[in-house]
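Number of protein chains: 2
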Amino acid sequence: MAEQKKMVEAITSMEEDFAKWYTDIVKKAELMDYSSVRGCMIIEPYGWAIWENIRDILDHEFKELGHENVAMPLFIPESLLQKEKDHVEGFAPEVAWVTHGGEEELPERLCVRPTSETLFCDHYKNIIHSWRDLPKLYNQWCSVVRWEKTTRPFLRSVEFYWQEGHTMHATAQEAMEETERMLNVYADFCEKQLAIPVVKGRKTKKEQFAGAEATYTIEALMHDGKALQSGTSHYFGDGFARAFEITYTDKENKPQYPHQTSWGMSTRIIGGIIMTHGDDNGLVLPPAVAPIQVMIIPIAQHKPGVLEKAEELRARLKKICRVRMDDSEQSPGWKFSQYEMKGVPLRLEIGPKDIEKNQCVLVRRDNREKTFVSLDELEAKIPELLEAVRQGMYDKALARREQMTYTAVSLEEMKKTADEKPGFIKAMWCGDQACEEKLKEEAGVSSRCMPFEQEHLSDTCVCCGRPAKTMVYWGKAY
Amino acid sequence: MAEQKKMVEAITSMEEDFAKWYTDIVKKAELMDYSSVRGCMIIEPYGWAIWENIRDILDHEFKELGHENVAMPLFIPESLLQKEKDHVEGFAPEVAWVTHGGEEELPERLCVRPTSETLFCDHYKNIIHSWRDLPKLYNQWCSVVRWEKTTRPFLRSVEFYWQEGHTMHATAQEAMEETERMLNVYADFCEKQLAIPVVKGRKTKKEQFAGAEATYTIEALMHDGKALQSGTSHYFGDGFARAFEITYTDKENKPQYPHQTSWGMSTRIIGGIIMTHGDDNGLVLPPAVAPIQVMIIPIAQHKPGVLEKAEELRARLKKICRVRMDDSEQSPGWKFSQYEMKGVPLRLEIGPKDIEKNQCVLVRRDNREKTFVSLDELEAKIPELLEAVRQGMYDKALARREQMTYTAVSLEEMKKTADEKPGFIKAMWCGDQACEEKLKEEAGVSSRCMPFEQEHLSDTCVCCGRPAKTMVYWGKAY
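Protein sequence lines, in the order shown, are assigned to chains Y and V.
Quick note on full-length UniProt numbering: the first sequence kicks off at 1 and runs consecutively.
Quick note on full-length UniProt numbering: the second sequence kicks off at 1 and runs consecutively.
In case anyone wonders, no lab produced these hints; they're calculated from the structure.
Treat the hints with care, since some could be wrong.
Identical copies look the same in the list; a pair holds intra-copy or inter-copy alike.
PhoX-like cross-link-like pairs, simulated, lysine-lysine; straight-line CA separation at most 25 Å [unchecked claim]:
#1 254 <-> 63
#2 63 <-> 27
#3 27 <-> 136
#4 353 <-> 206
All of these numbers come straight from a predicted model, not from anything done at the bench.
Chain Y on its own, in the form it takes in the complex (with noise of 0.2 Å):
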């Protein structure tokens, strides 16, 4: 019996250690363990859950698009990654190498996917021959591998999930559509399902992705003042059709290259839900993606009538919600820590007074605000509420953003702020990337996106005082 009253341990506060906050939540809350292989993840069922329900609201967004799901290999050989240079020049450097199958070496290594855009173009290169075969508008959901030398829980590890589409269009301009599309899609999915506020732009040449010539950006501000770039959509061009000879029969007959884009989201996506919505009790999910929306907690559950009425209510909930019960012998106040500390947006409490009424207690994990809902009004107040944890935390997340937003217009100003109050700086740019290093250095922040939603904040670069070109939102960055 020992075991069963344990408490819920306490996790580290965010006031007292960020880093260790974050890792005490993804452990507690059962999200990942970690495994034998050096960054490599063991996602557990619950946080995969959490990536499932991800999965399929995007995918159901994809597929509306029109878009369609493919499996590509998880090898890429040598000679295919290194035929677009900049691709290669990017990638070569932190990817793993299958140099042997079973006692033989092989011929060719072959790295394991760091992205595919090589196997999409391969691939592209034997489908596409006529205007007819365009658009091509393929996704892929699996895992890819990049060798990184620090790793962090979901953050960045050498093997992560996430989706990546690929897709080839006969213009530069539906291509730059498609971009702009997708990037949208993620936006509203990140602040209408995720509650996470983004902001919308371009990066800069330095930090755009290997081989694309335009990468869009959504970033959005941890509680800690630290920017996650938290999915980016790519403009090829017709780079890679040219590197791998993928080329088109127009209309009018004639040999043209078809245009390019890629995009992604990760699980990256999760560590950024833990650190945009939670807190010192543990970790807070947005209801479309809570792999429980409501926790039912039978109160003096030994009392005749309670277990049953809780199960009833478990199996009439279950029709317009994720519900589960939990009618273990812990203590009331262990489950609710416990319920808690995973995130769960709703806990509904039901005990013999509360049957008396007819009603029962719902409690809101966001703000722990506390309702008495008759039971007849379940199935209408449910879904209310979870849209009210929704808003709320979305509102709490924008609030915070914004007061952690800060102006700079002077590189003496820019230091001062970044060292002083961590937040996205925004500044004006001239647009040479030797400002963008000596900020790095000296201010110790990156240019985290050009935005769509531009501001005048004075006519000269924040660095070098040359006539600005754009506002630049800079900061630190996980």
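On the provided structure of chain Y, position chain V as indicated by the hints.
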């Protein structure tokens, strides 16, 4: 326009060249394409949609039985693979080895998982402590890699997709029940959803999984008389638990080893669908997993009202089945052939005369039976017809299997039957591995399984004449 008017090319007939017929179908029905990586497939949208349907049905069944999905690493350190002696012997010769990460040689080689028993055990060691932690019912959907020398699309590939269930139980009894339960899930899935009749039984020691105490299998018979192992379920006893030092404290506070199972079904089953149901016009898909269940083909689509009516039906039927409408410029004849090639279970034809009569024509893929159906009755009639297709496919496959199942009571008879009549051969066996090897050598057959439904065919072993212990299904196999 020349491109548009091309005919659907005929495929090689089954009679003429079965292997070529098979590869013609996988290519012409656009299930897969070959990649630049030896033995690794590209699964194209239509093929992957079949796998997604298989996954969704099985995943639902697994979850209903209390299983949870997780994600284990892609890599296994060499030392971990070596912990269980039989297991490493079975798999080490056919794994891909990662030796370098980026520019650096790894301190220990990693193999790309060929199966994940060792990874699950390594994790279970950390999370199983008390009887309260049992059972653990985990599953994962992923790809695995086995360095096969000879490969064929879906049937044997270097990389293939599967689910692997790995469970831990307090007692041998419970683990054995799980092994049997999951075999039954596979058998029911094959028979009821895929319309593939299977023989359930146990593998001989020679054929069992590396490290298992018992392997159970479902064996299906393909069109050409070869057997296809279509799903397996393994009982491990506490062998891995001992090797990995996984113990739990029982209710009497004593340390115990838990008992283990694993079970898997792979993309190989898509090969099984092709070779069980396909014909010389192409693929024939079981409705449960067909990406398109009903294809609407407008007749004389340039005539007023036809396309509008076809689209109206599509919108209506979308609510009850997976439906598409083809309004391309191709001729109806071309479309008929095309969707027969793709194995669409039902074709719905609608033309001006049908519209006048408020009816349409429904044509079954499995037997080309035509039915005129009133447009008012479609919602009732289509599910009925889909079920009739499934039943028709199953009956046909079962009749063929029965026709192609023989018995033998002497070595001579076995050799003659194996030589002349493709199919299963039922024969008695003494239990000695030497006889299995001799039958393989002299008759070219392997033991497929010792079926649960035993028959007494003779008193003596078909091979050596000593007293028989078991009836065995023998055959040539994929």
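Hint-by-hint comparison with the structure:
1. 254 <-> 63: Neither. Shortest intra-copy (31 Å) and inter-copy (53 Å) distances fail the 25 Å Cα cut-off.
2. 63 <-> 27: This pair counts as between: shortest inter-copy Cα distance 23 Å, intra-copy 34 Å.
3. 27 <-> 136: Only across copies: residue 27 and residue 136 sit 18 Å apart there, 41 Å inside one copy, limit 25 Å.
4. 353 <-> 206: neither (64 Å within a copy, 64 Å between copies)
Checked against the numbered hints above, the structure breaks hints 1 and 4 and satisfies the rest.
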